[in-house]
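As they're listed, the protein sequences go chains R and A. According to the numbering used here, the residues represented by the first sequence are 1 to 234, in order. According to the numbering used here, the residues represented by the second sequence are 1 to 414, in order.
Calculated from the structure, these hints are not laboratory results. The beta carbon of each residue, even a glycine, is placed where N, CA and C say it ideally should be. Mixed in with the good hints, there may be bad ones.
[Said to hold, decoys possible] Straight-line distance between alpha carbons at most 35 Å, and here's what the computed DSBU-like set of lysine-lysine pairs gives:
hint, chain 1, residue 1, chain 2, residue 2
1, A, LYS149, A, LYS176
2, R, LYS150, R, LYS34
3, R, LYS151, A, LYS212
4, R, LYS150, A, LYS176
5, A, LYS149, R, LYS150
6, A, LYS176, R, LYS126
7, A, LYS105, A, LYS6
8, A, LYS105, R, LYS150
9, R, LYS174, A, LYS404
10, A, LYS404, R, LYS34
11, A, LYS401, R, LYS71
[Claimed, not checked] These stretches of chain A come out as covered by chain R in the derived footprint (C-beta under 8 Å, 3 or more residues):
hint, stretch
12, 85-94
13, 294-301
14, 405-411
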Amino acid sequence: MAYAESTSTQNNHILRTVDVQKSFVDPVEVEVLKNINIWVDKGEFVSIMGKSGCGKSTLLYILSTMDTNYKGQLFLADRLLTGLSGNDLAVVRNEHIGFVFQFHYLLPEFSVLHNVMMPGLKLGKKSREEVEFDAMKQLRLLGVDDQATKKATQISGGQKQRVAIARALINEPKIIMGDEPTGNLDSRNADIVFDIFKELSSELGTSLLVVTHDADFAKRTDRIIEMADGRVIS
Amino acid sequence: MIQIAKTHLLTRKKQSAIASLGVTFGIGTFIVLVSFMTGLNGLLDGLILNRTPHVRIYNEVKPSPVQPIEKSTKYKGHVNMIHSIKPKQELSSVRNSLPMMAVLKKNPLIKGVTPQVSARIFYQSGSVLLNGNAIGIDVLEEDRLFNFKQYIVGAIPSDLANNENGIVLGIGVAKKLSLNIGDRVQMLSSTGATFRLKIVGFFQSGLADLDKMQSYVNVKMAQRIAGQGNNFITDISVKLYDIEKAKYMSGQIANTYGVNAIDIKTANAQFETGTSIRNIITYAVSITLLIVAGFGIYNILNMVIYEKMNDIAILKATGFSGSDVKKIFIYQAMFIGIVGGLLGLLLGGVMSYAISKAPFETEAIPTVKTFPVNFDPLFYLIGSVFALITTFFAGYLPAKKASKIDPVDIIRGQ
Numbered sequence: 001m002a003y004a005e006s007t008s009t010q011n012n013h014i015l016r017t018v019d020v021q022k023s024f025v026d027p028v029e030v031e032v033l034k035n036i037n038i039w040v041d042k043g044e045f046v047s048i049m050g051k052s053g054c055g056k057s058t059l060l061y062i063l064s065t066m067d068t069n070y071k072g073q074l075f076l077a078d079r080l081l082t083g084l085s086g087n088d089l090a091v092v093r094n095e096h097i098g099f100v101f102q103f104h105y106l107l108p109e110f111s112v113l114h115n116v117m118m119p120g121l122k123l124g125k126k127s128r129e130e131v132e133f134d135a136m137k138q139l140r141l142l143g144v145d146d147q148a149t150k151k152a153t154q155i156s157g158g159q160k161q162r163v164a165i166a167r168a169l170i171n172e173p174k175i176i177m178g179d180e181p182t183g184n185l186d187s188r189n190a191d192i193v194f195d196i197f198k199e200l201s202s203e204l205g206t207s208l209l210v211v212t213h214d215a216d217f218a219k220r221t222d223r224i225i226e227m228a229d230g231r232v233i234s
Numbered sequence: 001m002i003q004i005a006k007t008h009l010l011t012r013k014k015q016s017a018i019a020s021l022g023v024t025f026g027i028g029t030f031i032v033l034v035s036f037m038t039g040l041n042g043l044l045d046g047l048i049l050n051r052t053p054h055v056r057i058y059n060e061v062k063p064s065p066v067q068p069i070e071k072s073t074k075y076k077g078h079v080n081m082i083h084s085i086k087p088k089q090e091l092s093s094v095r096n097s098l099p100m101m102a103v104l105k106k107n108p109l110i111k112g113v114t115p116q117v118s119a120r121i122f123y124q125s126g127s128v129l130l131n132g133n134a135i136g137i138d139v140l141e142e143d144r145l146f147n148f149k150q151y152i153v154g155a156i157p158s159d160l161a162n163n164e165n166g167i168v169l170g171i172g173v174a175k176k177l178s179l180n181i182g183d184r185v186q187m188l189s190s191t192g193a194t195f196r197l198k199i200v201g202f203f204q205s206g207l208a209d210l211d212k213m214q215s216y217v218n219v220k221m222a223q224r225i226a227g228q229g230n231n232f233i234t235d236i237s238v239k240l241y242d243i244e245k246a247k248y249m250s251g252q253i254a255n256t257y258g259v260n261a262i263d264i265k266t267a268n269a270q271f272e273t274g275t276s277i278r279n280i281i282t283y284a285v286s287i288t289l290l291i292v293a294g295f296g297i298y299n300i301l302n303m304v305i306y307e308k309m310n311d312i313a314i315l316k317a318t319g320f321s322g323s324d325v326k327k328i329f330i331y332q333a334m335f336i337g338i339v340g341g342l343l344g345l346l347l348g349g350v351m352s353y354a355i356s357k358a359p360f361e362t363e364a365i366p367t368v369k370t371f372p373v374n375f376d377p378l379f380y381l382i383g384s385v386f387a388l389i390t391t392f393f394a395g396y397l398p399a400k401k402a403s404k405i406d407p408v409d410i411i412r413g414q
């Protein structure tokens, strides 16, 4: 089945893995991911669930291309990413993958606007003015445009997370990945973030892949991938 | 990326300022040290080089190189063993000195030629006799070529030139005999004649032994003291336009005229060694200072990288590559280097100027009143190049470390 899927090109898969395996060797060899074959379709909102230590975060870092030390293959829109150089992967991340982390991870020295603009400036496909315009558009979409000129340290946690989402969106990526994006937020802010994600997938057609252990959050997504002991169980 | 580097620097102004100050002091001290040391070297070199003839022509007492027996046809081809060879009896003057000088003066390589007459004398005060030396010189030529005025106190060279019975008395002698300018000093020549000369000034070389012996008079007076005619010249000093030709010229003169000639390099070999050792010390100290400044930058950037781990991870996660991160930190280091370096050049310049105005009195050179400083632009060039090189390497190593940070480790660690 895995073979059939990997050869089919007539699909809507944005992200796909073929037999991804990963082991930690320190102090003894432990296999943390075993033959992972998953996919995310265009515009799909997928959550990965599982207990702590089941390997869901490890998987997400492999999917995000930041962790390259694994066996198996990773495709982004049918392009094989496995084996690309660190610099090429950085370009892929910059252009096609957006990130939202549990902790906001904004750069504290820069203004909110500048934080959002940074990946766009790095991509270099648009002029500074255009990037700034896009960044303001994203901030407005997320309802934090009034905070644009503040330093990243001067806004609240919920606002920070929304700014981080705006930053993830700046280059109009194919997929947004989140590692417990609501884990650090109160329920009201968590709902806001969820609604934003939902809107992105339904209206903009952006794929979303979110790691969470919040069952309520997961239930409301399009599909749940459940993991246990390094395997996908459903 | 430049903007990220700039923001990093500006948000930690204090650290950046301290790192820049490290470079500033490094470069500043380098400039001051090198300018001052080379200035001093130049002064000391000048003492020797300006005062010493490039080629000195003299007559050395020595045995005949070809002994009479070698010329005899009877013993030709024999091995002749001669014991107790005695030096040849001859005058201590240079032979044919006047025509030789006339010819040398026309040589295009030669800037000037001046005669010297050395006469042994005793300074006399009551029954006390002091051993000494009167040197007859062509005062104005001597001053033009060898800066004679640098060692006379209380007079200008023409005072001596205009007074045939004048003497520039060694200051050591003057102290011993309690003599002042305007007094007369009585001298006894080796032929037994007595001379009373008027003191027009004092001679001060800085070498106490020399100052206790030597006095200067006009050539004619020295010839009279020696009891010789006007072709009696014991030394001829030659000054060339190019000091590097001294060795070649001395060989030429010795061969052409059959006289003894010694060049300045041979006569003062120890001096050149001293100069180069002083230079080595200067550069060693300066480079150490710059390396210390480099370590300061290295240290601060290392700290910044530890603080900025999260930011580096985030930059990488959002698509900045390792080399982008490296660039950010190298830019920071270079910025510190450029700002610190420029300030250092300024500091060095100002301090050198201050030193060059500081009073400096020395026995050896009575005419020098302030410290000598060499304002060679080359030092400023070396300083800035070195500042850039050190800061680049001081920034490169931490930057390389930053580029290798694995964002997964950082993000998971939270």
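How the hints compare with the structure:
{"no.": "1", "hint": "A/LYS149 x A/LYS176", "result": "23 Å, holds"}
{"no.": "2", "hint": "R/LYS150 x R/LYS34", "result": "45 Å, violated"}
{"no.": "3", "hint": "R/LYS151 x A/LYS212", "result": "81 Å, violated"}
{"no.": "4", "hint": "R/LYS150 x A/LYS176", "result": "86 Å, violated"}
{"no.": "5", "hint": "A/LYS149 x R/LYS150", "result": "74 Å, violated"}
{"no.": "6", "hint": "A/LYS176 x R/LYS126", "result": "92 Å, violated"}
{"no.": "7", "hint": "A/LYS105 x A/LYS6", "result": "67 Å, violated"}
{"no.": "8", "hint": "A/LYS105 x R/LYS150", "result": "84 Å, violated"}
{"no.": "9", "hint": "R/LYS174 x A/LYS404", "result": "27 Å, holds"}
{"no.": "10", "hint": "A/LYS404 x R/LYS34", "result": "28 Å, holds"}
{"no.": "11", "hint": "A/LYS401 x R/LYS71", "result": "27 Å, holds"}
{"no.": "12", "hint": "85-94", "result": "violated (count 0)"}
{"no.": "13", "hint": "294-301", "result": "violated (count 0)"}
{"no.": "14", "hint": "405-411", "result": "holds (count 4)"}
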